[in-house]
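*Asks:* Here are the chains, one letter per residue:
Number of protein chains: 2
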Amino acid sequence: MKAKREALVSLFTAMREKKVDEDIIDLLMLINSIRGVYTTSSCSGRIGIIEEPDLGAKPLSRWLIKEHRPITFEEAKESLKNAQRGFIFLKSQPPIFHIVAESIKIGKKLHELGLASGFKYTTFKAVKDRILVEINGTEYLTAPLGKDGRVLVDDVYLKFAVELGNSMLIRAKSRLPRLKENFEKLKEELGEDELFYEVKRKFLT
Amino acid sequence: MKAKREALVSLFTAMREKKVDEDIIDLLMLINSIRGVYTTSSCSGRIGIIEEPDLGAKPLSRWLIKEHRPITFEEAKESLKNAQRGFIFLKSQPPIFHIVAESIKIGKKLHELGLASGFKYTTFKAVKDRILVEINGTEYLTAPLGKDGRVLVDDVYLKFAVELGNSMLIRAKSRLPRLKENFEKLKEELGEDELFYEVKRKFLT
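Which chain is which? The protein sequence lines are H and D, in order. Counting along the first sequence from 1, when you hit position 3 you're at 3 in the UniProt record's numbering, and nothing is skipped either side. Counting along the second sequence from 1, when you hit position 5 you're at 5 in the UniProt record's numbering, and nothing is skipped either side.
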């Protein structure tokens, strides 16, 4: 799989540059060591405050704060001082994994594995000839806080919304151990991929 | 397709009971008249205020107001008087269509059709032997408003959040005409399904 080699090189490069979420490195290593599957962009779940100049204009949006762990009320409050233009949202997002499978059969296994691990928004994306499975949770919070630098909520509300976002994040991340167990079982079934260890050795030496 | 016949009977029964969102009836008729595909649960997009007793406890949640058109600030405000227990959210959700395809090949076509019509969260769900395509937009708003009957936002904020939710709903629904055009093209390609007209005739007479 040429595409897997390229994906592994990207992953190890990103790890070396500390660009991979630390709390899912073990899991990403496990998944990529399985024969017939590899990960592309993945996120361990996050909470933050973002400014979006226009609805749906993602490329222009700007994080005022973004963390892969719960944030404090003070951090949220402080970050809002930098708000300038566009809609301000508090967002909490569950872990998400994009996994390419080499066959429809393996894709189906991944799909069932995600659902069985409690990630209820797990789906297939079979665009062109690539089988992509997105393992995704349901804990999405998108709370508007204001617009164009003007915050429309008070401290009581901000505290409430941050606590809610944090609970959703913790809840979503709590499924990661089960996901890992299920990938360990899948590895026993599908076997190890020598390519993974080959690329890993090159990066570790 | 025995499953399609059952799905059509459910759909026409629901229509007779006025349980189908009126603004997508034409589209649902069109999709179901195509050979090799049929719809299951679908929604034309909605906005509302919901109470959720516990995070993720969907079965126990309760709508205080729910409409398939923009709502007014006054309607939102009035509905909040009935809040009692659990987290209160203002939710705006885009149109969503669940479509079963009789083959992977048709499933892929539906998937591409959804994406090409601007529904960026369109995905495959290939559970067991059923190919299910979910045509879904990205315009999701989940704004917490308070908890256990206590509203933590003021009128300025509520007005702002309702307007934002309404804009997202309008924006999401504005893609429906393009979706319809694309299904008309798909019908030319895949052909008419006589089964649809047979079931329809039974219900109209």
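Rather than coming from a laboratory, the hints here were simulated on the basis of the structure. Don't take each hint at face value.
No copy labels: a pair is met if it fits in one copy or bridges any two.
What the hints assert, rightly or not - Straight-line Cα separation of at most 27 Å, BS3-like style, residue types lysine-lysine; simulated pairs:
#	residue 1	residue 2
1	Lys125	Lys187
2	Lys109	Lys185
3	Lys2	Lys200
4	Lys19	Lys159
5	Lys105	Lys91
Keep in mind it's a predicted model, so treat the numbers as computed, not measured.
*Asks:* Confirm or reject each hint.
*Replies:* Evaluation of the provided hints:
1. Lys125 to Lys187: both (22 Å within a copy, 23 Å between copies)
2. Lys109 to Lys185: within (11 Å within a copy, 34 Å between copies)
3. Lys2 to Lys200: Close inside one copy (15 Å), not across copies (51 Å); limit 27 Å.
4. Lys19 to Lys159: neither (29 Å within a copy, 40 Å between copies)
5. Lys105 to Lys91: For lysine 105 and lysine 91, neither the intra-copy (35 Å) nor the inter-copy (37 Å) Cα distance is at most 27 Å.
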